[in-house]
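K.L.:
The primary structure of each chain is shown beneath.
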Amino acid sequence: DTGVSQDPRHKITKRGQNVTFRCDPISEHNRLYWYRQTLGQGPEFLTYFQNEAQLEKSRLLSDRFSAERPKGSFSTLEIQRTEQGDSAMYLCADGTDFKETQYFGPGTRLLVL
Amino acid sequence: AQKVTQAQTEISVVEKEDVTLDCVYETRDTTYYLFWYKQPPSGELVFLIRRNSFDEQNEISGRYSWNFQKSTSSFNFTITASQVVDSAVYFCALSLKLQNYGGSQGNLIFGKGTKLSVKP
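Chains as they are written, first to last, in the working numbering: chain A, 1 to 113; chain B, 1 to 120.
None of these hints come from the bench; they were simulated from the model.
You may find that some hints are simply not true.
To be verified - Listed below are the simulated EDC-like cross-link pairs for lysine to aspartate or glutamate, each with C-alpha atoms no more than 16 angstroms apart in a straight line:
(1) B:Lys97 <-> A:Glu83
(2) B:Lys112 <-> A:Glu44
(3) A:Lys11 <-> A:Glu83
Stated by the list, open to error - Partner residues aside, some chain B positions facing chain A, computed with beta carbon under 8 angstroms:
(4) Tyr33
(5) Glu44
(6) Phe47
(7) Arg51
(8) Asn107
(9) Leu108
(10) Phe110
(11) Gly113
None of the values given here were measured: they were computed from a predicted structure.
Heads up, the beta-carbon is just placed ideally off N, CA and C, and yes, glycines get one too.
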């Protein structure tokens, strides 16, 4: 049990390109959350999975964003046609039905040029 | 609407000083959880503490202590005898029970954070 991992840790892309991030939660943790954090702000909720079901989406999750969690294990977050405003840290967190605490991964820092 | 306010944007102290980070929250729910996370310069959010809305007991863990007061909707965090390694951004967060999903925990609502600098 080495904690939540995220890949890549850093991503630089040009405006208009698509990017995909991956999150690997702790294996027995059935809940998975994605957040976005811009400079000087607290993390903001994007979406939540319970097992493979996506149960909640924030209004921040525009139609250019899509998240999946096939088989209830790892999750991917894809951003299509990136914009400079997408530059942020993307954080993944996991949890369980029995613990009300979310544990965060190291994040993926995205820079859109 | 739910909201978390951390009025102190930045605090600077000298090592060994005590420092209190303020957190005020807003919610109409009676069941909720409050959290503190630490974000060092490396960027990873580190969980520090969780309290549920029915437990107003204060808690102490080493040099850290937390004061939860429902009457003032506050959940303040005190570091005693601060050290340089305490330098980080500290976030207070609120989560609510999702009534439609068997009462499971919802997403976290974060404050804007307080940047603590501890100088030697």
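K.L.:
Now tell me, hint by hint, if it's right for this structure.
P.N.:
These are the hints, each one checked on the structure:
With a CA separation close to 34 angstroms, the supplied pair Lys97 (chain B) and Glu83 (chain A) exceeds the 16 angstroms bound. Proximity of Lys112 (chain B) to Glu44 (chain A) is assessed by CA-CA distance (about 10 angstroms); at most 16 angstroms being required, the pair is judged to hold. This hinted pair checks out: Lys11 (chain A) and Glu83 (chain A) have alpha carbons roughly 14 angstroms apart, not beyond 16 angstroms. The beta carbon of Tyr33 (chain B) is positioned within 8 angstroms of a beta carbon in chain A (closest approach about 5 angstroms), and the interface hint is therefore held.
Among the interface hints, the one on Glu44 (chain B) holds; its C-beta lies about 5 angstroms from the nearest C-beta in chain A, closer than the 8 angstroms criterion. Checking Phe47 (chain B) against chain A: minimum C-beta separation of about 6 angstroms stays under 8 angstroms; hint holds. Proximity of Arg51 (chain B) to chain A is violated relative to the hint, the smallest CB-CB distance being about 10 angstroms (cut-off 8 angstroms). With a least beta-carbon distance of about 4 angstroms to chain A, the hint placing Asn107 (chain B) at the interface is held under the 8 angstroms criterion.
This hint holds: Leu108 (chain B) has a C-beta 6 angstroms from the nearest C-beta of chain A, less than the 8 angstroms allowed. With 8 angstroms as the threshold, the beta carbon of Phe110 (chain B) comes within range of chain A, its nearest partner Cβ sitting at about 3 angstroms, so the hint holds. For Gly113 (chain B), the interface hint holds, since its Cβ comes within 8 angstroms of a Cβ in chain A; the closest pair sits about 5 angstroms apart.
When each numbered hint is compared with the structure, violations occur for hints 1 and 7.
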